[in-house]
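K.L.:
Spelled out from the first residue to the last, the chains are:
Number of protein chains: 2
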Amino acid sequence: MERVRVGLKDVARLAGVSVKTVSNVVNGYVHVTPATRTRVEAAIKELDYRPNLSARNLRQGRTGIIALAVPELDIPYFAELARLVVARAEERGLTVLIDQTGASKEREQLVAEGFRAHLIDGLILSPLALTPEDLAARMDNTPMVLLGERVYEGPADHVVVDNVAAARKATLHLAALGRRRIAAIGAQDDAAAESSRLRLAGYRQALREAGLPADDRLVVPVRDYHRADGAHAMARLLDSGQTPDAVFCFNDLLALGALRTLLERGHSVPGEVALVGFDDIEDGRYATPTLTTISPDKQAIAGLAVDLLADRMAKRVVQGSRVEAREIRVPYRLVIRESTSG
Amino acid sequence: MERVRVGLKDVARLAGVSVKTVSNVVNGYVHVTPATRTRVEAAIKELDYRPNLSARNLRQGRTGIIALAVPELDIPYFAELARLVVARAEERGLTVLIDQTGASKEREQLVAEGFRAHLIDGLILSPLALTPEDLAARMDNTPMVLLGERVYEGPADHVVVDNVAAARKATLHLAALGRRRIAAIGAQDDAAAESSRLRLAGYRQALREAGLPADDRLVVPVRDYHRADGAHAMARLLDSGQTPDAVFCFNDLLALGALRTLLERGHSVPGEVALVGFDDIEDGRYATPTLTTISPDKQAIAGLAVDLLADRMAKRVVQGSRVEAREIRVPYRLVIRESTSG
Chain A
1 MERVRVGLKD VARLAGVSVK TVSNVVNGYV HVTPATRTRV EAAIKELDYR PNLSARNLRQ
61 GRTGIIALAV PELDIPYFAE LARLVVARAE ERGLTVLIDQ TGASKEREQL VAEGFRAHLI
121 DGLILSPLAL TPEDLAARMD NTPMVLLGER VYEGPADHVV VDNVAAARKA TLHLAALGRR
181 RIAAIGAQDD AAAESSRLRL AGYRQALREA GLPADDRLVV PVRDYHRADG AHAMARLLDS
241 GQTPDAVFCF NDLLALGALR TLLERGHSVP GEVALVGFDD IEDGRYATPT LTTISPDKQA
301 IAGLAVDLLA DRMAKRVVQG SRVEAREIRV PYRLVIREST SG
Chain B
1 MERVRVGLKD VARLAGVSVK TVSNVVNGYV HVTPATRTRV EAAIKELDYR PNLSARNLRQ
61 GRTGIIALAV PELDIPYFAE LARLVVARAE ERGLTVLIDQ TGASKEREQL VAEGFRAHLI
121 DGLILSPLAL TPEDLAARMD NTPMVLLGER VYEGPADHVV VDNVAAARKA TLHLAALGRR
181 RIAAIGAQDD AAAESSRLRL AGYRQALREA GLPADDRLVV PVRDYHRADG AHAMARLLDS
241 GQTPDAVFCF NDLLALGALR TLLERGHSVP GEVALVGFDD IEDGRYATPT LTTISPDKQA
301 IAGLAVDLLA DRMAKRVVQG SRVEAREIRV PYRLVIREST SG
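These protein sequence lines map, in sequence, to chains A and B. Quick note: the first sequence, position 83, residue 83 per full-length UniProt numbering, numbers continuous. Quick note: the second sequence, position 117, residue 117 per full-length UniProt numbering, numbers continuous.
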């Protein structure tokens, strides 16, 4: 079914606007009034115009698309972050392609190495498996911003929460309640588990400051950071006879899993065992008891990630070269709820 | 910074494979062995090859990208679905671009009307605001599959759960426990709220069958389907003096919000009030009490959506015309947990 190729000019003529305006509509840029957009879209529809966008974008070196690669979409923390990144990107006229790496090193590498480089102008990556060496060896030069604590001093801009300080604050809160046997759920043997390592360091620092002995039997490793892992870790802890009077869980999902095990076995929270999580996901606000947690400023994380990336993308066009990597620390706060004060 | 244009042939020569194989790697197709993929990727890196993918894909009329448009990414049901759709698409060598419509009619329309039609080969849309008329008037002919019950008898393939039957089953379960004042949380005034209307119909049908009077004071409308809406609805119900002995909530988030209000106010669940949700999200499996719920086969929903779409995309290439719209019903089951049996 051949047809005459309809061009930008034809659309512009029919809509009574400039070719540049049609191009702006087609590219989804925001600086077009709704009325104009409607007119142009009507013309596009009438002529059945199929923009040869890709070719033009390749010429301009831009697609208006950025990728966000997170380990798992159905981890509430990443889902909330994705929503905020999409919202911020939209404000800047950018479309977000969301990628799920499954925390696999191979997949993260594929993403970082410019898989789809032809398609995207920039990449926001939350790595769980890649090492700083992996990223330093990266050949692709698509602008990239990293989220989370996996890779410090890497070759890219980096948005992060001070995990040591936050974990210390959470643990000191439990000590200040008079708790003496404070367990930690979330340690990971994996050498790559940087955020786990940092939170563990903050937990141990707080114990020292509070004059509490470090008892390694109270530190429970997990494989993943899901509810099931927290539930199993808590069960193992109780089964070992090491009943704690407080637990700092390295994320909220672990805490919600641990909470379930505690209640199921008849332990009162916070009466017998006080509980703190990390992430401030919505689930924790509706659990009974509600969950005390470290609340990172997710709005800031998402906003900064998009803004830093857009800045990189603009600089790349101007300078065609790398600029020094920046590390931005985002604020967090301890939100006290029923699981430590009920 | 000009450079000589490196072509597919150069990569193929260096990697010692055919041009077709390089193309398969570049397009992210799955039918390439890991060893070959590694070799081709090394050659791509060495030559700093930037595939002129878009132009070639336009020639072929395909990009290998499909879009998934859901109302909100941080609604666990949609996050789980997105994970499953991405996984299934990956198996078929398709990349998923995830779109968040915010349940806005304007945004859904934009998506359905071929916004990014130049970029995507197909679209999976979960509409909340669009009417069947809106979709019938759709001009864009990008293959599309609809999820959910918003639009029946529409112009596109459609994957759906039998909401009336599922809601009936949930309500009959409560009646079978001997509950007599069964409330419903999740009615929506909005004429567009089709899934709400169907679940309400199933609830009423079950009351009739169980010989229970329909008491409209026990039907509580909500604005959205979030935890906060469930919590407020439950509070309104209790404040009105209409304490029920059971509640069917039209999704799990509403049920988790209602559960929070009940426990906060000292009502035992299921002792005084039994509770059933809908969706079977993970949160409900770790709540205390765990949540009885209707569990739609999400794996089947995601798999069918991708398969139907891929089929459409293939047919479009062959026939260049529309095929009759199909409606596929996906199985569901009632999962009984502590909130009705604890």
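Keep in mind the hints are simulated off the structure, nothing from the lab. Keep in mind that the hints are not guaranteed to be accurate.
When chains are identical, the list treats them as one kind, so a pair holds in a single copy or across two.
As the list claims (entries may be wrong) - With a cut-off of at most 25 Å between alpha-carbon atoms, the simulated SDA-like pairs for lysine to any residue come out as follows:
| no. | residue 1 | residue 2 |
| --- | --- | --- |
| 1 | K20 | A175 |
| 2 | K105 | D245 |
| 3 | K9 | A310 |
| 4 | K105 | A87 |
| 5 | K105 | A235 |
| 6 | K9 | V219 |
| 7 | K9 | A129 |
| 8 | K9 | S104 |
| 9 | K105 | E91 |
| 10 | K45 | D134 |
| 11 | K9 | A214 |
| 12 | K45 | A137 |
K.L.:
If a hint holds in the structure, say so; if it doesn't, say that too.
P.N.:
We went through each hint and held it up to the structure:
Proximity of K20 to A175 under the C-alpha cut-off of 25 Å is found in neither arrangement, the shortest distances being 62 Å within a copy and 64 Å between copies. With identical chains, the CA atoms of K105 and D245 are never at most 25 Å apart, being 37 Å at best within one copy and 51 Å at best between copies. Taking the closest pair of Cα atoms, K9 and A310 never come within 25 Å of each other, the shortest separation being 29 Å inside a single copy and 33 Å across copies. With identical chains, the CA atoms of K105 and A87 are at most 25 Å apart between copies only, with a shortest distance of 17 Å across copies and 28 Å within one.
In the homo-oligomer, the alpha carbons of K105 and A235 never lie at most 25 Å apart, since the shortest distance is 30 Å inside one protomer and 47 Å across protomers. In this assembly of identical chains, K9 and V219 lie within 25 Å of each other by CA distance neither inside one copy nor across copies; the values are 67 Å within and 56 Å between. For the identical chains of this complex, K9 and A129 are neighbours neither inside a copy (48 Å) nor across copies (33 Å), given an alpha-carbon limit of 25 Å. Taking CA atoms no more than 25 Å apart as the test, K9 paired with S104 passes in neither setting, with 46 Å inside one copy and 31 Å between copies.
In this assembly of identical chains, the alpha carbons of K105 and E91 lie at most 25 Å apart only when taken from different copies (18 Å versus 32 Å within one copy). For a Cα distance limit of 25 Å, the shortest separation of K45 from D134 across copies, 14 Å, qualifies, whereas the shortest one inside one copy, 47 Å, does not. In this homomeric assembly, K9 and A214 never come within 25 Å of each other (Cα to Cα): the closest approach is 72 Å inside a single copy and 62 Å across copies. Taking the shortest Cα distances, K45 and A137 sit within 25 Å of each other only across copies (11 Å), while inside one copy they are farther apart (46 Å).
Violation of the numbered hints given earlier is confined to hints 1, 2, 3, 5, 6, 7, 8 and 11; the remaining hints are satisfied by the structure.
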